[in-house]
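**Q** The residues making up each chain are set out below.
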Amino acid sequence: MQHLVIMPFLLPLLAGVLLILPPIQNSITRQRIFAVGSSMLVLVVSSGLLKEVMSQGTQLYALGNWSAPYGIVLVADPLAALLVLLTSILALASILYACAGEDETGMYYHTLILLLVAGVNGAFLTGDLFNLFVCFEILLIASYALLIHGGGKHKTQASLHYVILNLVGSSIFLFALGILYGMLGTLNTADMAVKLQTLDPDETTLVKIAGLLLLIVFGLKSAMLPLHFWLPRTYAAASAPVAAMFAIMTKVGIYSIFRVHTVIFGDFAGDLANIAQFWLWPIAVLTLIAGAIGALASQNLKMLTANMILISVGTLLTGAALGREDASGASFYYLLHTTLVSAAMFLIADLIAKQRGKAADRFVAARLMKQRDLLAGLYFVAAIAMVGMPPLSGFIGKALLLQSAHTGAEMGWVWSSILFAGLASIIALSRAGTTLFWRTTGNTADTDGNPVHITQLMAIVFLLSLSPLLVLFAGPITSMTHEAAAVLHNPELSVRALLPVLGE
Amino acid sequence: MEALFAFCVGILTTCGIFLVLRSRTFPVVVGLTLLSYAVNLFLFSMGRLSVDSAAVIGANSTYADPLPQALVLTAIVIGFAMTAFVVILSMRGRGDLGNDHVDGRIPDHSSLTDKEKS
Chain A
1 MQHLVIMPFL LPLLAGVLLI LPPIQNSITR QRIFAVGSSM LVLVVSSGLL
51 KEVMSQGTQL YALGNWSAPY GIVLVADPLA ALLVLLTSIL ALASILYACA
101 GEDETGMYYH TLILLLVAGV NGAFLTGDLF NLFVCFEILL IASYALLIHG
151 GGKHKTQASL HYVILNLVGS SIFLFALGIL YGMLGTLNTA DMAVKLQTLD
201 PDETTLVKIA GLLLLIVFGL KSAMLPLHFW LPRTYAAASA PVAAMFAIMT
251 KVGIYSIFRV HTVIFGDFAG DLANIAQFWL WPIAVLTLIA GAIGALASQN
301 LKMLTANMIL ISVGTLLTGA ALGREDASGA SFYYLLHTTL VSAAMFLIAD
351 LIAKQRGKAA DRFVAARLMK QRDLLAGLYF VAAIAMVGMP PLSGFIGKAL
401 LLQSAHTGAE MGWVWSSILF AGLASIIALS RAGTTLFWRT TGNTADTDGN
451 PVHITQLMAI VFLLSLSPLL VLFAGPITSM THEAAAVLHN PELSVRALLP
501 VLGE
Chain B
505 MEALFAFCVG ILTTCGIFLV LRSRTFPVVV GLTLLSYAVN LFLFSMGRLS
555 VDSAAVIGAN STYADPLPQA LVLTAIVIGF AMTAFVVILS MRGRGDLGND
605 HVDGRIPDHS SLTDKEKS
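Protein sequence lines correspond, in order, to chains A and B. Everything in the first sequence is counted per the working numbering, starting at 1 for the first residue and increasing by one. Everything in the second sequence is counted per the working numbering, starting at 505 for the first residue and increasing by one.
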């Protein structure tokens, strides 16, 4: 289908708007049915897009048929298609989970989630940097509203930091875009890569500044080290399905780092080749260490999960710092795994908190949970996957990444930091598990809290079941992620193929 | 003209950054607004500054680049929406948290305001 590429962006946008119109808006049941239905439709469409991209190669969609460097284009390459599918999976799980009652704590929950999905999918699919900015703003404004959804002091406070930081980030993004447009005369990612090769040597400094400003912006979105302070509090304050959905948001930053600093400022950028690598190395290692320390120091399960996200960001940044095809491929596999599992962990943390009364998810002795065995089982699976123990997908992701470090110095840094973070997460998660499930006082009978709702369980099982599936189908999936990396690192595919005008 | 323009953008950015680093929400919001003005002017100048030239080819001997104008228009609209949001959010923060400090509480070293808070 010719218009398949734009559908993952257009469908959630339309569905989100329809949700606030009278026939659906009047009843919460109708809203839920419509939201679940439309997110399933988005899931089907994104699977279709991935299938098409895999069989026929990168898809180019020129809006209004204005061809590449002059018009606005959407580019669906394997990486973008994979991440769009991942977003749709998360959206379905988040909406399903919220159907158990979270969506009634405030207005327009489903609309906001669908608009967030539209923004994230747009950011993955866009072929030029200005539309990346516009999609960032779409997803950010949806996320601002989602963060304070349900209200409460903690949420307002966390939200204030998050909004101000991201507004400053947007300003820096625009400064960088301005410099790049002024120097290179284009906003199209592929065209920029071409123009960069014939850049006047006098002008490289300005372009380098712009490239590094972009790294700061994407670093803020992905929560890499000096810019990570907003993440734990924001994620811990957000309501569970929102935090699960936010698991994709740091990955948008990581994706942009891969896209901009591999395609534009990659190996073929002349004087500006790999300008980010020098910074990414120390930042990646330090992010891992900061995440590990944060995980060990966490006082409750949500904060611990937020710090685990920080560790995963550090792991992905080491993949970006290695800057080779196999490392990128391994990172993309790990990215799929970590997003799904950390989203599931946020949902489990919420269920645990609801059944422990006043103790919530803090690591203190409390009454026995009503459904301890069920929750402990879910927690066990999620924790095993998260720390990267053998039977589940975290192990394969980390093993692939460790394997892609070749020289001695690389191995020294990558292996020691990733394995240290792994050890710290095992300690933190097992300590959390023993306290939450075994240190109990009193008996079950007088515990308050509702039993787990069926849609909540469906959402978590859906997310967790994808981890063994990632292992079972590790062969085809790694070949897919390696193809995504190959497209990204090969300028013939990531640049030339997208500029029909140059080919003539 | 270029020097004056650059000077204006520089002053706006400096004031914006200074105000963003303040601890109360109102200066921070004003700082964000100044920063977005600076960004808009900066983006606008990226098509190079020229006088008496429309963004139409053939209407004049010189013509301006229309793309930065389109970008600025988009950036203004987005910036406006975001400013509106942050104003409402900081008002809500003032209501919910009882003060207008960005951290939601006045730092400890002033004991007087601490009592006011409780």
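Do not rely on the hints blindly, as some may be mistaken.
[What the hints assert, rightly or not] Computed beta-carbon distance windows for the label pairs:
#	chain 1	residue 1	chain 2	residue 2	range
1	B	Arg526	A	Thr29	26 to 34 Å
2	B	Arg552	A	Ala273	26 to 34 Å
3	A	His3	B	Arg526	43 to 51 Å
4	B	Thr566	A	Trp66	19 to 27 Å
[As the list claims (entries may be wrong)] Rough simulated footprint, nothing fancy, chain A against chain B, three-plus residues with beta-carbon under 8 Å:
#	region
5	523-536
6	555-564
7	590-603
[Stated by the list, open to error] Which residues of chain B face chain A? A partial, calculated answer using Cβ under 8 Å:
#	residue
8	Met505
9	Leu508
10	Cys512
11	Ile515
12	Leu516
13	Thr518
14	Ala579
15	Ile580
16	Ile582
17	Ala585
18	Val606
19	Gly608
Hints were generated in silico from the structure; no laboratory data involved. The structure displayed is predicted, hence computed values, not measured ones. We put the beta carbon where it would ideally sit given N, CA and C, even for glycine.
**Q** All the hints need checking, so say for each whether the structure fits it.
**A** Evaluated hints:
no., hint, result
1, B:Arg526 to A:Thr29: 26 to 34 Å, "47 Å, violated"
2, B:Arg552 to A:Ala273: 26 to 34 Å, "28 Å, holds"
3, A:His3 to B:Arg526: 43 to 51 Å, "48 Å, holds"
4, B:Thr566 to A:Trp66: 19 to 27 Å, "25 Å, holds"
5, 523-536, "holds (count 4)"
6, 555-564, "violated (count 0)"
7, 590-603, "holds (count 7)"
8, Met505, "16 Å, violated"
9, Leu508, "18 Å, violated"
10, Cys512, "15 Å, violated"
11, Ile515, "15 Å, violated"
12, Leu516, "11 Å, violated"
13, Thr518, "13 Å, violated"
14, Ala579, "6 Å, holds"
15, Ile580, "11 Å, violated"
16, Ile582, "5 Å, holds"
17, Ala585, "7 Å, holds"
18, Val606, "6 Å, holds"
19, Gly608, "4 Å, holds"
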